[in-house]
Amino acid sequence: MSSTNNPLLEAKGITKYFGTITALENVNLKVHAGECLGVVGDNGAGKSTLMKVLSGLYKPSAGSLFFQGKEEILESPRDSQNLGLEMVYQDLALAGNLPIGENIFLGREPTKNLGFLKLLDFNKIKELTNAHLDKLKINVKSADQKVEELSGGQRQAVAIARSTAFNAKVVIMDEPTAALAIKEVGKVLDLINGLKKTGVGVIVISHRMDDIFTVCDRVMALFQGTNFAEASLSNTSRDEVIGWIMGKK
Amino acid sequence: MEDKDKKVESLHLKLIPYFEKYGILLLLVLMILVMHILQPDVFLSWRNVTNVFKQISWQSMLALGVFMVIVTAGIDLSVGSIMMLSLMILAVVAKAGAPWFIVVLTPLIAGFLCGVFNGLGITLLRMPHPFIMTLGTLYIFRGAGNLISGGTPISGFTDEVRYLGHGRIDLQWLGLEKSQYLPVSLVLIAIVYIIFWIFLNKSKTGKWIYAIGGNPNAARASGINVNKILIIVYSLCGFLSGIGALILAGRTDSGYPNAGLQSELDAIAACIIGGASFFGGRGTVLGVFAGVMIMGILRNGLNLMDVSSFWQQVLIGSIIVLAVYIDVLRRDIGTRK
Numbered sequence: 001m002s003s004t005n006n007p008l009l010e011a012k013g014i015t016k017y018f019g020t021i022t023a024l025e026n027v028n029l030k031v032h033a034g035e036c037l038g039v040v041g042d043n044g045a046g047k048s049t050l051m052k053v054l055s056g057l058y059k060p061s062a063g064s065l066f067f068q069g070k071e072e073i074l075e076s077p078r079d080s081q082n083l084g085l086e087m088v089y090q091d092l093a094l095a096g097n098l099p100i101g102e103n104i105f106l107g108r109e110p111t112k113n114l115g116f117l118k119l120l121d122f123n124k125i126k127e128l129t130n131a132h133l134d135k136l137k138i139n140v141k142s143a144d145q146k147v148e149e150l151s152g153g154q155r156q157a158v159a160i161a162r163s164t165a166f167n168a169k170v171v172i173m174d175e176p177t178a179a180l181a182i183k184e185v186g187k188v189l190d191l192i193n194g195l196k197k198t199g200v201g202v203i204v205i206s207h208r209m210d211d212i213f214t215v216c217d218r219v220m221a222l223f224q225g226t227n228f229a230e231a232s233l234s235n236t237s238r239d240e241v242i243g244w245i246m247g248k249k
Numbered sequence: 001m002e003d004k005d006k007k008v009e010s011l012h013l014k015l016i017p018y019f020e021k022y023g024i025l026l027l028l029v030l031m032i033l034v035m036h037i038l039q040p041d042v043f044l045s046w047r048n049v050t051n052v053f054k055q056i057s058w059q060s061m062l063a064l065g066v067f068m069v070i071v072t073a074g075i076d077l078s079v080g081s082i083m084m085l086s087l088m089i090l091a092v093v094a095k096a097g098a099p100w101f102i103v104v105l106t107p108l109i110a111g112f113l114c115g116v117f118n119g120l121g122i123t124l125l126r127m128p129h130p131f132i133m134t135l136g137t138l139y140i141f142r143g144a145g146n147l148i149s150g151g152t153p154i155s156g157f158t159d160e161v162r163y164l165g166h167g168r169i170d171l172q173w174l175g176l177e178k179s180q181y182l183p184v185s186l187v188l189i190a191i192v193y194i195i196f197w198i199f200l201n202k203s204k205t206g207k208w209i210y211a212i213g214g215n216p217n218a219a220r221a222s223g224i225n226v227n228k229i230l231i232i233v234y235s236l237c238g239f240l241s242g243i244g245a246l247i248l249a250g251r252t253d254s255g256y257p258n259a260g261l262q263s264e265l266d267a268i269a270a271c272i273i274g275g276a277s278f279f280g281g282r283g284t285v286l287g288v289f290a291g292v293m294i295m296g297i298l299r300n301g302l303n304l305m306d307v308s309s310f311w312q313q314v315l316i317g318s319i320i321v322l323a324v325y326i327d328v329l330r331r332d333i334g335t336r337k
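If you're matching them up, the sequences are chains A and B in order.
Numbered according to this note's numbering, the first sequence spans residues 1 to 249.
Numbered according to this note's numbering, the second sequence spans residues 1 to 337.
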């Protein structure tokens, strides 16, 4: 909660057009190390588009991104991952047919050389997965379990584990509790609090005021693609934030 | 009580992957046993077994190619036509008097390029489904094959060109009789299948092929260049069809307009019987091999017993439906709802 320091990630004047539709207009956002920023807004307010710009999936039509004070241009999700910027998508973006470990390392698999062949190092994947799940206190039967055999909460935990497996500095989560049973929500929120303690900057998009008020330090509202309001959690209330979502100050 | 439940559940969890991996082999072994009982003198004879392998040799290449495509949740309907076009190009080049090592390379290059064409069409033209692109090229490639050959068979290749499809590895040095040779095509099947098993299971690209089939959005979000992988997959599928053409050239000693007609359906059937899922991400190389073998043995066995080919069609169709139904049941117990 070092809001006086330089932000880890800062977006300035982000604008995004899809054809003639303006999804985002001149949006600013920043998040610091160890801080959780909640982003709220009604459907179509531009939350998901903003997150996709931050993760490199969309290129902004205008505006710039600064990471640790340096301007960065993201051409693809790989670029943002290389910076330590990870995204947990609402649809989880896990391949159900693959085991937990292979999902966590998908696209960045460790390999070993066998002569001129570069083969996947399954032992290392398993070893690193177990160590990482232990660190986050995520319980699953085995790293070899297929993701489609997991419950919604376990999948969300795997998705979060995936996002933090490579020394992530900022993790962006799109509706991390939307698809979960109530008893699983708490576990996921605990995970987010755990991440903050390790110095990760977290951005949470959520409709659920309970989530925002449990894990976030600051909240900002988008309305029709623009910055509408922003406050630290201690200076606002649920009713006020719900008002922002509906465009009332 | 709870402990006991846990044990049962973990046994269940441990068994399912094995069943998933090797269940189809059980069916294959069962079929071999049944055929052996029905035809005890002939079926497992050296001559008949090598015959089966020779018969499935080119189909097994098409099936392997189509399998990779199916793993990405795609489909390639054009493999039979790719094989026919590659075969015709081989025949024309051979008739023009090119040296054998050029002739041997032509179907492989032609098949590969046909696959690249499919892959580029699917990704660059953003076809709504690979079905449409490859349905188009099913006609295009066969038409092209007839255009370059004039629609007539072209026969007569040199022994070097025919080696992969027709060659024999003499085993008399092992004390076997002259008739007990090993078909080169059998060795080729083994080598190609092992290479592709390693590729699909042990390489990053192979893992990504499965990931794309499981969830293309997950693959994209992981920074995988999905279009590039898809082009690679369709190109390899075309390349394998080219190998199929080379084998067929050896077996039949001719390029003919009806080569590989409807063989894309056989290839798809073998994949489905072997446990590949149309939804993508599921299936093994071993399963495809078993699927090809099951179809080959069924045809061979029914021929040995003089069963009409009409019944063969009925039986193969029934096995497809049965195999997929078993798959549905398996998935019911394997996956959380």
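Bear in mind the hints are in silico, worked out from the structure with no lab data behind them.
Keep in mind that this is a model prediction, so the values were computed, not measured.
Idealized CB from N, CA, C, for every residue including glycine.
Among these hints, one or two may not hold up.
Label-pair restraints from in silico Cβ distances [claimed, not checked]:
#	chain 1	residue 1	chain 2	residue 2	range
1	B	128	A	62	51 to 57 Å
2	A	108	B	41	56 to 62 Å
3	B	127	A	181	51 to 57 Å
4	B	227	A	124	50 to 56 Å
5	B	305	A	110	50 to 56 Å
6	A	199	B	190	49 to 55 Å
Derived pair list, reagent style DSSO-like, types lysine-lysine, alpha-carbon separation capped at 27 Å [as the list claims (entries may be wrong)]:
#	chain 1	residue 1	chain 2	residue 2
7	B	202	A	59
8	A	126	B	54
9	B	228	A	118
10	A	59	A	12
11	B	204	A	124
12	B	178	A	118
Against the structure, the hints:
no.: 1; hint: 128(B) / 62(A): 51 to 57 Å; result: violated (32 Å)
no.: 2; hint: 108(A) / 41(B): 56 to 62 Å; result: holds (58 Å)
no.: 3; hint: 127(B) / 181(A): 51 to 57 Å; result: violated (40 Å)
no.: 4; hint: 227(B) / 124(A): 50 to 56 Å; result: violated (29 Å)
no.: 5; hint: 305(B) / 110(A): 50 to 56 Å; result: holds (53 Å)
no.: 6; hint: 199(A) / 190(B): 49 to 55 Å; result: holds (54 Å)
no.: 7; hint: 202(B) / 59(A); result: violated (34 Å)
no.: 8; hint: 126(A) / 54(B); result: violated (42 Å)
no.: 9; hint: 228(B) / 118(A); result: holds (19 Å)
no.: 10; hint: 59(A) / 12(A); result: holds (14 Å)
no.: 11; hint: 204(B) / 124(A); result: holds (14 Å)
no.: 12; hint: 178(B) / 118(A); result: violated (42 Å)
In terms of the numbered hints stated before, the structure departs from hints 1, 3, 4, 7, 8 and 12, listed from lowest to highest.
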